Amino acid sequence: MTKPIVEYKDVHKSFGDVEVLKGIDLDIFPAEKIAVIGPSGSGKTTIIRMLMTLEEPTDGDIIVDGKNLWKMNKNGKMVEADEKHLREIRGDIGMVFQHFNLFPHMTILENCMTSPIHVKGEKKKEVKQRSIDMLERVGLGDKINNYPSQLSGGQKQRVAMARALVMRPKIMLFDEVTSALDPELVGEVLEVIRDIAKNDDMAMVLVTHEMDFALDVADKVLFLDDGVIAEQGSASDVIEHSENPRVQEFLSRFRG
Amino acid sequence: MQDILSISQELSRGLFVTISILIASSLFAYFMGFVSGLLRLSKHTIIRKLTGLYIELFRGTSLIVQLFWLYYAIPMLFGINLGSNWIIGVIAIGLNYGAYLSEVVRGSVEAVDEGQTEAAIALNLSSFQKMRYIILPQAVRMMLPEFGNYTIQMLKGTALVSLISLNDILYYGNILRSSNLSQAPLIYLVILIFYFVLALPLIFLTRKAEEVSKKGVAN
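Listed in order, the protein sequences are those of chains A and B. Residues in the first sequence are numbered from 1398 upward in steps of one, following my numbering. Residues in the second sequence are numbered from 73 upward in steps of one, following my numbering.
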């Protein structure tokens, strides 16, 4: 039995007085593809943002590769993690955002090259080749010297994926990556994710509203409702055969 | 016409002081603006508060009084000699406008979209690398027009140094007037033209800066 690469242990998160996550327990295994679905405001995005170190949990532990992400051992006591500790662990994690968050002052090639060069200290020549390969893979080989402002939303999102992939993460997080796109651009982005899911062996967690896509790509689906994982199982179990009324109600809105 | 020429000739003796003070004090003000603007964003409350004190003190009191403080009061009170008049002029103007610029720096850094910080974290950049490669390059583009505006203001501010007996353009103008009272209107007209001509390249650069800042920030 393989060990999980990420473990959430009774993780809680509050914003002010509002408890958004009310005890999340979750294992993510290497190469596993997980889709997180659920109504808006149910805390889906917060789950992956805590793993990316963008939000700190209020309570509970997140273990990545056996190491506690948000706490570290200092003179025998567990204390709040500092930046050095977070950086050591989050190097294995990559994320693609709803609003792309490309660096507007850099070409798309520079967007891809910045982190491997500065964070990993890799050789520029090698990083450049790998970035070009990756941009070709997402279908943007002819745009490497363009700036983000010259691209469509779908193209920007594909750049964002290439930029994350160049770092060779073990875990990739996708935060509603098609929600900000015009409907006709959604397909090209999903196509790239499908390609990554089929051909790369990293773990993936996708927060999504694309049910057919989740059904197609995910090994496991989590249905999040009111801050807890209300249902989980294989994609077809949750999306096609769930008897949970909350799940059915939620899904009925997509079937129209 | 002959008068204008001779007035101009006399005033141009002050050009070097005006221009050299403008250059030195704006460089000093840019430096102070960046340092205190970034310190204002520090995690440490004490650093933020102290920097805030500097900023509000220098924004909230008049430049000319600050100049007199540095020139007359501090040497008497503390027995410190701050250096030549030229250096005192540069320090006063630099500290004063540095306080304004620090707010421009802080505002621009804060105006960079939060998503940029999140992307930098997701790519595992350190806080310093994030600032250096992602935030500042975008913030500086936003700052440029305001830096231009304040530089134009600093040019006009340099005229105050004539009051601590530095021989700038206005100083020579005043000397000229005191020996030739009937020419006062003409003298001050030529002085205006001098400052305006000096400001022209700065105005032009500020326009350019606005164009630059419009490009390359929109996501």
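Everything labelled a hint here was simulated from the structure, so no lab data went into it. The structure presented is a predicted model; accordingly, all values stated were derived computationally and were not measured. Even glycine gets a Cβ: it sits at the ideal position worked out from N, Cα and C. Watch out, some of these pointers could steer you wrong.
If you only want the chain B side, here are some residues facing chain A, beta carbon under 8 Å, derived [stated by the list, open to error]:
id, residue
1, Gly187
2, Glu190
3, Ala191
4, Pro209
5, Asn221
6, Gln225
Going down the list of hints, with the structure as the test:
1. Look at Gly187 of chain B: its Cβ gets to within about 4 Å of chain A, closer than 8 Å, so that hint holds up.
2. The beta carbon of Glu190 of chain B comes within 6 Å of a beta carbon in chain A, closer than 8 Å, and the hint placing it at the interface holds.
3. With a least beta-carbon distance of about 4 Å to chain A, the hint placing Ala191 of chain B at the interface is held under the 8 Å criterion.
4. The beta carbon of Pro209 of chain B is positioned within 8 Å of a beta carbon in chain A (closest approach about 5 Å), and the interface hint is therefore held.
5. The interface hint given for Asn221 of chain B is broken, as the beta carbon of that residue sits about 22 Å from the closest beta carbon of chain A, more than 8 Å.
6. A cut of 8 Å between beta carbons decides the hint on Gln225 of chain B: the least distance to chain A is about 28 Å, and the hint is violated.
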